[in-house]
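Engineer: Sequence:
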Amino acid sequence: MESKYNPKDIEARWYQYWLDNKLFHSEPDGREPYTIVIPPPNVTGVLHMGHVLNETIQDILVRHARLEGKNVCWVPGTDHASIATEAKVIKRLKEQGINKSDLTREQFLQHAWAWTEEHGDIILKQLRKLGCSCDWDRTSFTMDETRSRAVIHVFCDLYKKGLIYRGLRMVNWDPERQTALSDEEVIYHEEHSKFYYLRYKVAESGVTNPATGADYAIVATTRPETIFGDIAVCINPKEEKNQWLKGKHLIVPGVGRQIPVIEDRYVEIGFGTGCLKVTPAHDVNDYALGQKYNLKTIDIFTPDAHLNMDTVEEELRPNVAKYHGMDRFDCRKQIVEDLKGLDLIEKIEDYDNKVGYSERTNVPIEPRLSLQWFIKMQHFADIALPPVMNDEIQFYPTKYKNTYRNWLENIKDWCISRQLWWGHRIPAYYDAELLAQTGLENYPNDKIIVSDTAPEGNYVQDEGALDTWFSSWLWPISLFDGIEHPDNEEIRYYYPTADLVTGPDIIFFWVARMIMAGYEWQGKMPFRHVYFTGIVRDKLGRKMSKSLGNSPDPLDLIERFGADGVRMGILLSAPAGNDILYDDSLCEQGRNFCNKIWNCFRLIKGLDVTDAEAPYSDREAVTWFTLMLSRTEQEVEDLFTKYRLSEALMAIYRLFTDEFSGWYLEMIKPAYQTPLSRQTYEATLVFFERMLRILHPFMPFITEELWHELMERTEGSTIMAADQSDWNSAEFLQMEGAEQTLAKMEELKQIVAGVRNVRASKNIPPKEKLTLYAPTELSTLVNKLANAEVEVPVEENKAQESSIVSFIVGTTEYGIPVGNFINVEEELKKLEADLAHQEGFLRGVMAKLSNERFVQNAKPEVVELERKKKHDAESRIATLKESIAALHKQNA
RNA sequence: GGGCGUUUAGCUCAGCUGGUUUAGAGCAUCUGCCCUACAAGCAGAGGGUCUGCGGUUCGAAUCCGUAAACGCCCACCA
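Heads up: the first sequence is residues 1 to 892, going by my numbering.
These are computed hints drawn from the structure, not numbers from a lab.
Worth double-checking, as some hints may not be accurate.
Unchecked claim - Estimated spans, in silico, between C-beta atoms of each pair: (1) T453 <-> G162: 33 to 41 Å; (2) K669 <-> D505: 50 to 58 Å; (3) N458 <-> K333: 43 to 51 Å; (4) K881 <-> P860: 51 to 59 Å; (5) H324 <-> E409: 23 to 31 Å; (6) E95 <-> D29: 35 to 43 Å; (7) I449 <-> L555: 43 to 51 Å; (8) T641 <-> I535: 22 to 30 Å; (9) D553 <-> D505: 44 to 52 Å; (10) A432 <-> K241: 52 to 60 Å; (11) N851 <-> T641: 36 to 44 Å.
Unchecked claim - Below, computed lysine-lysine pairings styled on DSS-like, alpha-carbon distance capped at 25 Å: (12) K201 <-> K238; (13) K524 <-> K70; (14) K543 <-> K88.
Here the structure is a predicted model, which is why all the values come from computation and not from measurement.
Every residue gets a Cβ at the ideal spot worked out from N, C-alpha and C, and that includes glycine.
Whenever a hint applies, use it, and build me the whole structure from the sequences.
Structural biologist: Shown next, in the form of structure tokens:
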């Protein structure tokens with residue numbers, strides 16, 4: 001075996017082995033189920049560091065449950081990601097010289113499916129490289145047959161329940177993709193923009209502003225290009241300075257439209273000029289005002305946000321003809337120039353405001369009036385809030401309960417229709433003849449047929465597709481076909497799922513809605529725990545992004561550090577909900593750890609074994625490590641219940657490197673070319689196997705490899721199903737004397753460290769055997785580990801001895817004669833520093849003990865402890881003083 | 001404008017309902033070592049007035065108040 005662990009072949013070999021032996025596959029049986037559904041990555045996506053974090057955590061949970069003997073089912077799959085995928089398909093078509101508009105829906109969908117088949121399993125293949133133990137036989141897709149039927153079924157069900165409606169509403173419009181978006185798909189960015197103060201002339205002649213004499217009102221806006229749609233100017237009836245405008249009319253600058261001044265308390269007194277232009281077609285608030293005062297709307301934009309002057313009154317069109325067909329932002333520049341020329345701009349100020357962008361296309365969204373389908377959400381908020389607030393569903397970390405509550409308490413209806421082709425088509429049908437007469441907007445609602453099958457006759461189907469999340473929210477149910485067959489064996493067995501692992505960025509998009517769907521269609525929570533991961537950032541704290549180039553390619557990392565190394569790297573500093581600052585050095589640490597394990601194994605397997613009886617010191621070591629290991633196992637189990645996975649890994653890491661490699665193996669390692677007793681050898685193999693086991697969820701490959709190497713295993717066997725029955729860590733820890741054994745070994749380690757410390761500070765080579773004066777006999781382990789001969793001298797001998805360096809463990813003093821290596825000055829300095837420290841400590845303790853109120857009020861055991869501290873400190877001080885005196889005598 | 005969270009060693013973080021030998025871990029740093037498992041290693045060392053201020057208490061990193069800094073979420077102020 002080489003001295004360096006080489007993950008490459010090993011990983012590929014074991015993954016194939018796991019697949020060949022169907023070790024990830026699950027079928028319902030008598031065991032307790034443990035289910036996780038994967039947050040389906042976009043079907044066209046490639047693996048990034050966020051996935052690595054997320055999927056590693058899921059795999060750890062899943063493998064841990066598998067080791068516990070549960071029937072584990074981790075269902076993988078992908079999401080059709082309608083808007084993102086459609087954008088990619090359009091882009092590719094364009095590269096081929098094809099426009100979407102040249103294609104029929106069916107033709108376009110053929111291209112999209114082709115794309116999906118080409119790219120669909122890339123990311124799933126990459127997950128295998130990471131070691132993810134998904135049940136690949138269950139791989140699903142949000143647009144496969146079962147999932148699609150579930151979506152349509154749910155739509156019809158909601159429509160029947162009166163929870164879905166069609167309506168003309170102001171929605172977030174993505175002009176790039178030309179579709180409506182839900183509120184959640186809009187991202188607001190703070191922007192430096194301008195505040196334009198425009199002059200609206202008063203129509204009534206002779207009316208002027210009494211304060212300034214101006215014959216115009218000043219209206220401030222950030223969007224001057226929307227003035228073509230102005231219908232009114234609104235003032236607050238209470239605002240003094242604008243009283244003169246009451247009942248008057250104004251002329252929209254550059255357009256010439258005469259519009260009324262209306263009054264509403266909505267306008268904030270003191271903000272801007274107090275005059276608000278009302279453009280109902282292009283602003284949500286203005287729309288509300290328009291509704292309230294029954295104003296008409298003039299939509300001046302085309303669906304791709306270019307100016308459409310055909311909507312302007314015919315007589316005014318010559319005024320605005322030049323803007324027809326312009327892009328909205330070009331038009332803004334132009335109209336500002338033109339108004340300047342007409343002296344209709346009072347001033348322009350810098351202004352910071354928030355602009356909404358489409359999450360997917362990153363284009364500023366346009367509030368747009370359009371006919372869409374919505375879900376009434378109050379009902380869902382009502383059923384989804386309580387289970388989270390009362391912890392039936394637990395969030396880790398809990399702070400997200402607040403975020404969740406906040407959203408549900410201010411819930412708005414969910415716009416679920418999209419003007420896209422790639423997605424589930426809305427199962428609503430319109431009578432063709434009637435539709436021809438009325439048009440879509442005025443088509444009577446009660447004549448719409450919503451059905452999972454197309455109605456007989458001359459009907460046309462709604463053109464829209466459904467929001468991707470409308471299929472995702474059913475995922476935990478639809479994966480087990482629980483929508484159409486809510487009582488089938490699989491859904492009854494696997495649902496509710498155990499844990500959901502996802503990012504907090506989709507808490508509303510997905511988590512909340514799954515909870516709603518879970519209660520609505522299964523009457524039960526979809527999962528019991530939600531683990532929110534943090535965001536993976538680079539070590540400077542920046543989000544990883546393509547444009548910054550700070551996002552490493554996970555496959556490249558796996559190549560360099562091995563999958564186990566990468567898994568450890570990503571997990572090491574990733575407590576739930578905290579962002580993780582990723583750095584290659586973390587993976588390096590993971591790789592190094594693999595190497596450590598590998599070399600421990602080499603040592604153990606390389607030992608000669610004899611049937612002779614084990615020396616007593618071996619048995620001491622074995623007893624001690626049995627307890628040490630048991631303790632860590634208990635600790636790790638406890639950490640798992642709290643989802644503190646990085647801490648669990650760290651506990652195992654410390655056990656393995658410090659306690660096992662650093663102490664235990666050194667304790668039992670026989671002298672060169674001397675054999676180890678079989679008894680000790682076998683105990684050591686058990687330890688090693690146990691450690692591989694607790695480590696397996698974190699580092700599946702190396703642990704499986706060494707588990708097989710450790711001893712002969714039958715074909716098809718796996719560490720995942722290793723027999724556990726002969727080990728009970730809880731019982732070991734309850735054995736009599738366990739505590740003392742652990743404490744004694746800690747003391748022994750400190751004595752050894754004391755000797756090593758002396759050795760290091762005096763530059764005494766490790767090979768040189770030292771003498772250690774101790775007040776009582778010590779375990780021979782000390783001799784071995786410290787390379788020292790322990791002597792228990794009588795007092796006189798010790799006093800005679802010159803050049804002794806001493807150290808204290810607990811309250812006991814140990815001495816090492818170091819001959820010429822001693823430097824009395826230096827030694828005195830050290831002892832005096834220690835003395836000062838001990839005296840300071842004692843003062844602190846005395847301050848407490850001499851405080852009557854402390855002695856009276858504190859718990860007796862606390863007072864008792866302080867007394868012990870005092871006693872120990874005094875004893876140590878006495879010892880130190882003695883040593884100092886002895887040194888002084890020697891010096892003289 | 002609301003709400004939430006964070007602030008402990010150079011870095012990333014533990015430290016739960018106040019008291020466990022005057023604050024812990026990993027990494028990084030420094031010193032010494034190629035000692036036949038491992039230099040992707042071993043042994044040793046240094047490093048923090050627990051963000052500031054006030055309060056409660058016999059006792060505060062821990063509880064309360066307050067200020068600041070940073071971060072996140074939500075909200076229609078043109």
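Engineer: Compare the structure with each hint and give your call.
Structural biologist: Hint check:
{"no.": "1", "hint": "T453 <-> G162: 33 to 41 Å", "verdict": "violated, 21 Å"}
{"no.": "2", "hint": "K669 <-> D505: 50 to 58 Å", "verdict": "holds, 51 Å"}
{"no.": "3", "hint": "N458 <-> K333: 43 to 51 Å", "verdict": "holds, 49 Å"}
{"no.": "4", "hint": "K881 <-> P860: 51 to 59 Å", "verdict": "violated, 32 Å"}
{"no.": "5", "hint": "H324 <-> E409: 23 to 31 Å", "verdict": "violated, 45 Å"}
{"no.": "6", "hint": "E95 <-> D29: 35 to 43 Å", "verdict": "violated, 50 Å"}
{"no.": "7", "hint": "I449 <-> L555: 43 to 51 Å", "verdict": "holds, 50 Å"}
{"no.": "8", "hint": "T641 <-> I535: 22 to 30 Å", "verdict": "holds, 25 Å"}
{"no.": "9", "hint": "D553 <-> D505: 44 to 52 Å", "verdict": "violated, 22 Å"}
{"no.": "10", "hint": "A432 <-> K241: 52 to 60 Å", "verdict": "holds, 57 Å"}
{"no.": "11", "hint": "N851 <-> T641: 36 to 44 Å", "verdict": "holds, 41 Å"}
{"no.": "12", "hint": "K201 <-> K238", "verdict": "holds, 22 Å"}
{"no.": "13", "hint": "K524 <-> K70", "verdict": "holds, 21 Å"}
{"no.": "14", "hint": "K543 <-> K88", "verdict": "holds, 23 Å"}
Checked against the numbered hints given earlier, the structure breaks hints 1, 4, 5, 6, 9 and satisfies all the rest.
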